[in-house]
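**Student:** Line order of the protein sequences matches chains V and S. For the first sequence, my numbering assigns the number 1 to the initial residue and increments by one for each residue that follows. For the second sequence, my numbering assigns the number 1 to the initial residue and increments by one for each residue that follows.
Calculated directly from the structure, the hints in this document are not laboratory data. Here a beta-carbon is modelled for each residue, glycine too, at the ideal position from N, C-alpha and C. Hints may contain errors.
Said to hold, decoys possible - Calculated from the model, a selection of chain S residues having no Cβ within reach of chain V, i.e. all distances over 12 Å:
#, residue
1, A62
2, D108
3, K153
4, G243
5, G271
Claimed, not checked - Computed footprint of chain S on chain V, listed as stretches where at least three residues anywhere in the stretch have a Cβ under 8 Å from a Cβ of chain S:
#, stretch
6, 69-80
7, 127-137
8, 158-165
9, 168-174
10, 236-243
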Amino acid sequence: MKILVCLKQVPHQDARLDIAGDGAWIKEDGIKFEINSYDAFALEEALRLKDAGVATEVIVASIGPDRVTQALRTALGMGADRAVHAKDAAFDGSDALGIARTLAAVAKGAGADAVFLGLMSDDANASAVGPMIGELLGIPSATGVVKEEKTPTGFRVERELEGGAVEVVELPAACVLAVQTGLNQVRYASLKGIMAAKKKPLDVKTAADLGLAGQVGAGAAKVKIQKIYSPPKSSGAQMLKGSTDEIVAGLVGKIKELGLL
Amino acid sequence: MTILVVGEIQKGIVREASYELIAFAKKIGGDVKGLIIGSGVGAEAENFAKKGAGHVYVADDAALANYNVDGYARAIKAAVKASGASTVLISNTPSGWDVAARVAAGLDAGFVSDAFNYADGAFVRRVFNGKLDARVVSTAALTVVSVQPGANKPFEGAADGKTERLAVDLGGLSTKFIETKVAGAKGHDLSKAEIIVSGGRGVGAPEKFKEVIQPLADALGGQMGASRPVVDAGWLPHEYQVGSSGQVVTPKLYVACGISGAIQHLVGMKGSNFIIAINKDPDAPIFEVAQLGAVGDLFEIVPKLTAAVKAAKA
Ligand SMILES: Cc1cc2nc3c(=O)[nH]c(=O)nc-3n(C[C@H](O)[C@H](O)[C@H](O)COP(=O)(O)OP(=O)(O)OC[C@H]3O[C@@H](n4cnc5c(N)ncnc54)[C@H](O)[C@@H]3O)c2cc1C
Ligand SMILES: Nc1ncnc2c1ncn2[C@@H]1O[C@H](COP(=O)(O)O)[C@@H](O)[C@H]1O
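Next up, chain S with everything else stripped away, as it sits in the complex:
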């Protein structure tokens, strides 16, 4: 059984998540082969091969210099054919989730999305935004799996690696890459804050951020943050957002109020030194990453906490 791991080039090098795919492949068990897509990526493909991916196919073309859904799908399909793989692993990153399901549909394969583990013959993934786990099995001859970045330790080891050029027909690509725009300068930079008090959808209304969350942040001498739905609703600007598509923060103290703890939020704050969670749902996944938890109504707890912090400082 061959497992094809699709490496991803980020800023010129194979990103860490790609080495996590090798570790994931070893959990499944089988002969690992790799694929690297890009332009001028020969040396990195060699690296990937020697550092665990073994036999690595290289789709190297100027048309693949930037991510392109059509071009990448063609390259992956060609590599599946060349390798005879029965399982394909792709990191569940913005390019990964854009292309993986297309490849699965095109090859009439089974598709498992955002798996974080493989155990006892099943893929394990989150459903309901992290509230429940699911064990998923595939009965297909070919299975495409997108794998959650950060969930498995990157493979560290060596392999008897070599690379092989993969011919891919790249004529008439259906989408056109224009440019990448990086996030603008942040007026509200959370990356250096020592204390962050964040509010989520549970805070319920924009004025409640001013009345309940900001005062606690102020009392502690910290900054205010938020989860994505708060920003989506226009209650706070994007620069307040913590998470995979916002800021990644590592304060000494992170206080999460009315935030459930979806993986995309956790990615942005789990590196905090100490995490306190206040949530009315005792089963909220945020309590899994917090060190200290309070189950209850944030509108009762937070104002009293603010008063107590002020009293302690006075």
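Pulled out of the complex, with its shape left as it was, chain V reads as follows:
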């Protein structure tokens, strides 16, 4: 069984977010990027299936500019076998459907059976790409996966519901699993792994290579971000000012006033 793992590179969780000149996204220059938190768990889950002899190949794929190479190299260092980098200005401005089309084409090209990816990206927060890949490939999908078990015919997974409840679902081996954080404990790339990664294949594909010319990018997008902005401040909290001691005095004063001291 071959598994394709989709990795998005997103601004580091502690990166400063400044809005770009066009007002429609953030300024990307000068900030640190990392692998989307959910996707790291998806990769780990695929690598575990390879360690267990269930998966024969783990392929990682990412759509993005040059910087994305770093995320793919990290994944190869962790144990993925090869990487596909979809890099082309033609992908710029894609909506979730454009991203899903691209990843579905990569999955087909790689002969992947299953696709593992994150439930949600930490920047776009759409939770859309996984189910869309499933629909485009005509295979089932499950989102919010917190447990995965290989069965003779496919997978038995637990999907997270509200309040800590889960739903157990069975899917065939050809499926899309969009995983939730906490599914496993993600490994680090070892020094040996990082050295070995340098020799692993990393193929670059354009939209035309994937047969997607005209079907991706801003021109094909059906939805578009007009503007991003800091959420308008409502009344918000009363902010304590001054030295740490003054702040602490303010906090204690309030707790007393609430009758809790």
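With chain V fixed as given, assemble chain S with the ligands onto it according to the hints.
**Tutor:** Frame of chain V, contents of chain S with the ligands only:
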């Protein structure tokens, strides 16, 4: 223009979030129609129709008794066709986010995820885990929108409602529902705590919970809680997690330390009587739900606060 609102049955009845969809549809403006999916849901579909959804399609089949991505997607697609809708609203719940984007891709529709508002022709949603808002516009003939539960007041009113059975081919469903497992008994029940001191990813390490967060909880005579990344990292067990996929708490006092305030955390604690937030980022969304905020390093503020609380009690 027709807007199809997809109602969701939870524990036998149409959940409140479905009535929020009707309110959302009224914001957009248009002719509202509804859809109810399930098994033996005729009476609830009638209810939904009369309480605002108007004309309600009913996909009623034993195969739909439990949520099934394939079956639900087929039902929604059939209802879009039957209603001639140009907008479809689905609550962004665990079943909603599982099926909505699939339906959008299958119908070659525009997809807007987790919208909490509609204003001036655009959908408004959160990005970057609540740190920024985005206005999103669709240019598609059909747009599927998942709507954030709890963000809009449920529609209260009546409609000239009727229901219509929807034929859906449910042969050969690709996934199989096995069972639902409810959360196990909680060793650490936060639901009755009067005071909760929670730590987030900003606390940084498991031992810091013992050294910094727990002592403040103890000094106040309260309990310790946490955000999800803390539990995901294995620093604390799941029963400490506050939020949509953890516990929903309503203490007299909730102190959030090093928690940014993503919507899934807020859902679990915004009903607290009083909220104090301690965070080094003055723009952290947690300050929007807090009544009292302290901007600064929690490692400086919290130990001093613990000492001051102890002194006040002595
Ligand atoms: C389906 C679903 C369900 C979810 N369920 C839950 C849930 O039940 N509960 C939950 O919490 N989350 C849940 N999440 C995750 C949620 O989206 C956020 O990722 C999470 O709440 C973020 O946790 P955090 O605030 O601790 O971390 P972050 O967002 O990383 O915030 C850390 C904060 O710490 C501050 N900080 C750092 N260092 C310091 C310091 N020294 N002093 C003071 N402040 C500091 C930073 O400024 C930052 O604001 C869910 C997500 C999904 C998609
Ligand atoms: N540009 C991208 N490259 C690779 N994978 C992506 C990309 N965008 C989204 N994904 C995958 O799709 C998942 C869901 O993202 P989203 O639908 O944007 O919330 C992410 O967790 C990734 O696994």
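**Student:** Now, for every hint given, state plainly whether the structure supports it.
**Tutor:** Going down the list of hints, with the structure as the test:
| no. | hint | in the structure |
| --- | --- | --- |
| 1 | A62 | holds (17 Å) |
| 2 | D108 | violated (8 Å) |
| 3 | K153 | holds (16 Å) |
| 4 | G243 | violated (10 Å) |
| 5 | G271 | holds (14 Å) |
| 6 | 69-80 | violated (count 0) |
| 7 | 127-137 | holds (count 9) |
| 8 | 158-165 | holds (count 8) |
| 9 | 168-174 | holds (count 5) |
| 10 | 236-243 | holds (count 5) |
Of the hints listed earlier, those the structure fails to meet are numbers 2, 4 and 6, in rising order.
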